[in-house]
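Protein chains: 4
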Amino acid sequence: MKILVTAFDPFGGEKINPALEAVKLMKDEIVGAEVVKLMVPTVFRKSIDKAVKAIEKENPDAVLCVGQAGGRFDLSPERVAINMDDSRIEDNEGNQPIDEPIYKDGDSAYFSTLPIKAIVKEIREGGLPASVSNTAGTFVCNHLMYGVLYHIAKNEKNIRGGFIHVPFTPEQVVNRLTPSPYMSAEDIARGLELAVKAIVENEEDISEIGGKIH
Amino acid sequence: MKILVTAFDPFGGEKINPALEAVKLMKDEIVGAEVVKLMVPTVFRKSIDKAVKAIEKENPDAVLCVGQAGGRFDLSPERVAINMDDSRIEDNEGNQPIDEPIYKDGDSAYFSTLPIKAIVKEIREGGLPASVSNTAGTFVCNHLMYGVLYHIAKNEKNIRGGFIHVPFTPEQVVNRLTPSPYMSAEDIARGLELAVKAIVENEEDISEIGGKIH
Amino acid sequence: MKILVTAFDPFGGEKINPALEAVKLMKDEIVGAEVVKLMVPTVFRKSIDKAVKAIEKENPDAVLCVGQAGGRFDLSPERVAINMDDSRIEDNEGNQPIDEPIYKDGDSAYFSTLPIKAIVKEIREGGLPASVSNTAGTFVCNHLMYGVLYHIAKNEKNIRGGFIHVPFTPEQVVNRLTPSPYMSAEDIARGLELAVKAIVENEEDISEIGGKIH
Amino acid sequence: MKILVTAFDPFGGEKINPALEAVKLMKDEIVGAEVVKLMVPTVFRKSIDKAVKAIEKENPDAVLCVGQAGGRFDLSPERVAINMDDSRIEDNEGNQPIDEPIYKDGDSAYFSTLPIKAIVKEIREGGLPASVSNTAGTFVCNHLMYGVLYHIAKNEKNIRGGFIHVPFTPEQVVNRLTPSPYMSAEDIARGLELAVKAIVENEEDISEIGGKIH
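Chains as they are written, first to last, in the numbering used here: chain D, -14 to 199; chain H, -14 to 199; chain P, -14 to 199; chain L, -14 to 199.
Worth flagging that the hints you see were computed from the coordinates, not collected in a lab. Fair warning: there could be bad hints in the mix.
Computed cross-link-like contacts, DSS-like style, restricted to lysine-lysine with a CA-CA straight-line distance of at most 27 Å [as the list claims (entries may be wrong)]: (1) H:K22 x D:K89; (2) H:K197 x D:K197; (3) L:K9 x L:K(-13); (4) D:K0 x L:K106; (5) P:K139 x P:K31; (6) H:K89 x H:K9; (7) H:K106 x P:K31; (8) H:K197 x D:K35.
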């Protein structure tokens, strides 16, 4: 089995992107599956283009996109990507779309085809906090997740795809005035390896309580 | 113009539902529009059934569903409802669906057709905190919003619809061990009246920054 | 009985001070006690000077100082003032002492002589969140509380004294990027009236669980 | 130089105490100073007794007490201990004092004689979040810090003393319903080593902005 793992470059004034730092630390083989790593730019469209090219080239069994969610407390696989760009800040090339659909012929949303409940269970059993998230936001993270799932759906490919958000690392919060949660890059990397393990070992997701009231 | 405003009864062990308390306090006429109030049960399916019956009977120009979001800091109009029930707790009749679609023939998601950015702007200009939310959760709130928008879409009705979440009231957090934000019922009611005003005065939404990074 | 209630003017870039707004809204007589209101400047030394002058002039039975605690969730009577100025920001006249004692001949700390547990109980029974705080910080709030209690102790006056912190009002948090808790000015005023009621009715404090683990 | 480092055993239903786990991981020699480690029970009086006995036996140059502060985001050296036991929960032997002084002949408070600003600076330069705290609570942590400083003051010993609080570890928050911050045990241990380094290298504290507004 082959898993393509993507991570964004730093954005929003940050010097690092914890997703990228952690993906670099991940093993290249996990429970027998090959891990192919790819850095994508935090830029609308270009992030999708680069990921789609890698999908075409590598023909992986699954795609796991990883992004920074500053302010979140845990590792959070995303349930759904929505057909909407609504940018609070400029991306790394100055784009800032407001309330625009990503693909006019796309579904209103695509659900993750990764086993998100199994991923949460695996990570938590490894001693790290995790939970299902029901929004990937409306910036480049949601955009990439939507674009990858759109591409897979439109081309009827037999590839599973999804996204996982990760917290800041400690270095990123040292100088913040407002307290912010964080996770060490080593722990994020370990959590991502457990996520890949869950992907490899669960073709179908498990049934577990894990929704949110709001 | 006629606006149907729905609110849930109390759930999750709470003695009151701030949505219901606040809707009761709302004026019956706002900038010339008639406000019709409806209590719906915090029960899967039955909440949709009751709202749809009222839509059939009242034939309103817009439907604004209101629900409690304990732990949220502000009034948050929802951008999107997803085709997924995933219940963390039992509803008021003991139902607890896990990862089930709401309507098998429904879209993966429906976007709010209320002017969510205009609502946020109007409430904030009135001195109360508000922001667009990109997830209504996976419990009965998302369920009702999805069901109302599904019904409107399937029947090709010329009705706008959407959802707004409101915080706890002060009474609800007095005995909590963990600090929780809240808003007074009077302020919630005033915020909801401003939301109705924005709905009446904005047939189309405005273009404002208001997305979320994640 | 006569209660002197002080409130600071706005500081730290805020347009209002919720303590001042709320104190203005308080009744002038509460359970038979006269309430004398005093605005003090958010300035080291001058705040103490103005409060002490009012104490000399009014000879109240108790002094309740009120200040803004942006970021706190509830009304929090302070347990103790420490003999330390350590200013994170400049006060309203540009002073910024770092790690300096307030009075060289003062105790390391003075405990509130107001019935803080009774105040919390009274406010919570009134439906508003409240808890005992064990730090008034190291800015002008702690400075004033310490100064008032130092003055009373050194002059062996039969006056009770203490401090209560109050959250932001909704208007203050509308434009913040980071979510912040708040309480309406009307509710803050009502909470302060309940605090005065508790002061009038409890010469000695009650014994209730209300400490903090850290 | 010799530094006595104490850590509590688990309390409050937790299976581990992150302070104890991290202290176990600390090196036994830091920048030339010997580190002597001591576990103390989370019990009023007995914690002080055990620490005082170790001080008598080891005659250290400084005492650094370490405790768990569940819910805090960073490593926080305490500025001050107050003469007050006010227990929200029972200690590990069922004691729960309410509003009682720790020593009737003690000062109202004792300030840390460790270089708290230098400790914060050293830890932050090491890439970990840290800040000065102005309250150690009113449970056994404050009790021990007060007791150690009282003992040193009463016996006119030339020993510096103080306390540092540490967050939960990831394992402790995995099953919490409410999100909670955490730090890995390895990072806590590294932060504590940096704290000891700051103690060894700073006989006097440095002057840095680091107070709190409230």
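Outcome of the hint check:
| no. | hint | in the structure |
| --- | --- | --- |
| 1 | H:K22 x D:K89 | violated (36 Å) |
| 2 | H:K197 x D:K197 | holds (18 Å) |
| 3 | L:K9 x L:K(-13) | holds (17 Å) |
| 4 | D:K0 x L:K106 | holds (20 Å) |
| 5 | P:K139 x P:K31 | holds (19 Å) |
| 6 | H:K89 x H:K9 | violated (35 Å) |
| 7 | H:K106 x P:K31 | violated (41 Å) |
| 8 | H:K197 x D:K35 | holds (23 Å) |
In the structure shown, a violation is registered for the earlier hints numbered 1, 6 and 7, in ascending order.
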